[in-house]
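Asker: Please take these sequences and the hints and turn them into a complete structure.
Chains as they are written, first to last, in this note's numbering: chain A, 193 to 561; chain B, 193 to 561.
Each hint should be verified, as a subset may be incorrect.
Note that identical chains are pooled: a pair holds if it fits in a single copy or bridges any two copies.
Taking lysine-lysine and the DSSO-like style, the derived pairs with C-alpha atoms no more than 27 Å apart in a straight line are [said to hold, decoys possible]: (1) K371 to K339; (2) K547 to K474; (3) K296 to K395; (4) K346 to K395; (5) K346 to K547; (6) K474 to K403.
The hints are simulated quantities; they were obtained by calculation from the structure and are not laboratory data.
2 protein chains.
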Amino acid sequence: MVSDGISSESLFCFLEECRRRDICWDHILSSMCTPPHQVAVRAHNLFMETNLGDPGLFPGTAHVDELLIRWFGDLYHAPDAGGCSTSGGTESNIQVLRFTKAAKKSDHPNIIVPASAHFSFEKACRMMGIEMRVAPLDGQYRMDIPKTAELVDKDTCCLIGIAGTTEYGMTDPIPALGKLAEEEDIHLHVDAAFGGLVLPFLKDAPQFDFKVSGVGSISVDPHKMGMSTIPSGVLMVRDEACFCNLLVDTPYLTVKQSYSLSGTRPGASVAGAYAVLAHFGKDGMEAIVAGCMENTRRLTEGMEAYGVKRKITPDVNVATFEHTEVPEPWAVSYTRSGDLRIVCMPHVHRDVIEKFLSEFGEFHDRSSN
Amino acid sequence: MVSDGISSESLFCFLEECRRRDICWDHILSSMCTPPHQVAVRAHNLFMETNLGDPGLFPGTAHVDELLIRWFGDLYHAPDAGGCSTSGGTESNIQVLRFTKAAKKSDHPNIIVPASAHFSFEKACRMMGIEMRVAPLDGQYRMDIPKTAELVDKDTCCLIGIAGTTEYGMTDPIPALGKLAEEEDIHLHVDAAFGGLVLPFLKDAPQFDFKVSGVGSISVDPHKMGMSTIPSGVLMVRDEACFCNLLVDTPYLTVKQSYSLSGTRPGASVAGAYAVLAHFGKDGMEAIVAGCMENTRRLTEGMEAYGVKRKITPDVNVATFEHTEVPEPWAVSYTRSGDLRIVCMPHVHRDVIEKFLSEFGEFHDRSSN
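Answerer: Rendered as structure tokens:
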């Protein structure tokens, strides 16, 4: 296999066949990703050759990176916030654990996450020798604050709240968490990987951003609701000095120190993320998010018309139902408790919802008889 | 800035202007990256919408990922080796530290790296609470094995050797390190981020791969000499069971467990990497590497003709010289000791070398007078 090359004609014939074996997006109801918007793809290609690991070679790309951070600073009501682009939620959360652990200087550091936290925290804590304390949820799938407070001790370096949980689409009580964080002088990180590009565009959404005075950092993934190319994550910090604990010397690069986790990293997906957000603006994003929320409502009511009960009315476009099977070839997912979970991403258009409901209805009737 | 959207016409006008501010590749002599080959870009675009973080949705893409691992297994003389694609050298090295630390179960784990090791090891060790012991180099910028042996103790979980060092392009004595690793029963990881796609294509190159019985894992970055799109790294392990220590449960995905560090991750750059390597094959890569090595020789002789001495004759296409300034707008770099460093990547064609030598000559004459 290794020796001889393959003509590009045969190669792409083969690669196209592989690609056809992937499930089509119009049947994917389980993913928090979505096909990137054409503006993202165009920007991605324009910046394909760039490497933000060596920003002095790419000052124009570095400027776009800076604009992306400024965009989120404005969106999250802290124009002076610091930030960095990452490969996604896992890397963003690792960065937070790195600097909060370094700042605490405890021999037995711990963090407190809600039971709804993404599995990346388990991975990061195990890797970094941090104890992960899990706070239970209340009846609304939200972090229970009194029980969270009981878990805090002098070795707690970080509290984590979620804005738009992966499983049930709920947002933890961030203002109450912020109050606890301030009282106890602990860093509060908000994992808004999903909700960070949903909640700001909704009326009467729960508060989660830097308007809440105790919030120290927020992570958000443009490759989810930002319709950008993978990999695209952003970590925003209220005080840029957070990053000082992460600096290492970077000889033979055009910058002398760096705080990113990755070395070489793509400018392409950073440009893709910025392009989508700049193109749509807040008004355009509001329209997209409104559509996703409307589809979530329609799906929920449609399922309930078949007698399948919702688990909760979510804060974001993640619908959950009591366990039920769905017909092939729809790709859905199930929560740890076995509830049906459907994410109404931008590619899940209204006609997709109607098609799913219609096919589900027939299947459900057959199964019931 | 956040409120109103921008038309795509104005947006791309602006983004193109940003891109023009980046330094042109034909003047970049300092980078271990290179513009991706057109085959990589085409494959990248074909797989742009895929997410290997949820491989059950993308079985065709996951197959290409598997083929990439198999390609490197064959290349490194261990067809049954396990492996995983990563975002690059830093993530690959972190993965190795994760599983070797977990396997050792020491309260005070340490690793031994050569003084030439990439700064990502410092970052990873600090993050993971691992002591980093630094072995000195011999007169040829290679890891000193007797002195390495003196640093080993019962808490040493990993030895690191480099194949193609970032600064001087040298390869550590991997067979001797392998012997030490076997005697002491310690995992040996070879960081071949750069050399892993150079050394296999050279005659009489130093041994570094699984042919050396003590080698437990090898990392290589297709986004360097593999002319692929960023981010593209690969970690190969002799025994796939290494990864068992990294597994976490991944509810609501199409796979139930995962050992990758990232969650969502691009299929696009994996396909890009596979496309280039499959297209060129071993023979094609030999030709490209031969050209880069020939240019390295030409550059070295050209500089010496001006009286600028080489520091060492490198194993790979990284040329170093005693400190000297170079004219604008050439982007070169300097090692930690201040030596001039030029990487003869595939984009540094022979005419680029000649142009640089000619402009350097004029500049050097003026500076000397």
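Asker: Look at each hint and say if it fits the structure.
Answerer: Hint check results:
no.: 1; hint: K371 to K339; result: within (14 Å within a copy, 54 Å between copies)
no.: 2; hint: K547 to K474; result: neither (30 Å within a copy, 49 Å between copies)
no.: 3; hint: K296 to K395; result: neither (37 Å within a copy, 52 Å between copies)
no.: 4; hint: K346 to K395; result: neither (38 Å within a copy, 60 Å between copies)
no.: 5; hint: K346 to K547; result: neither (54 Å within a copy, 62 Å between copies)
no.: 6; hint: K474 to K403; result: within (18 Å within a copy, 57 Å between copies)
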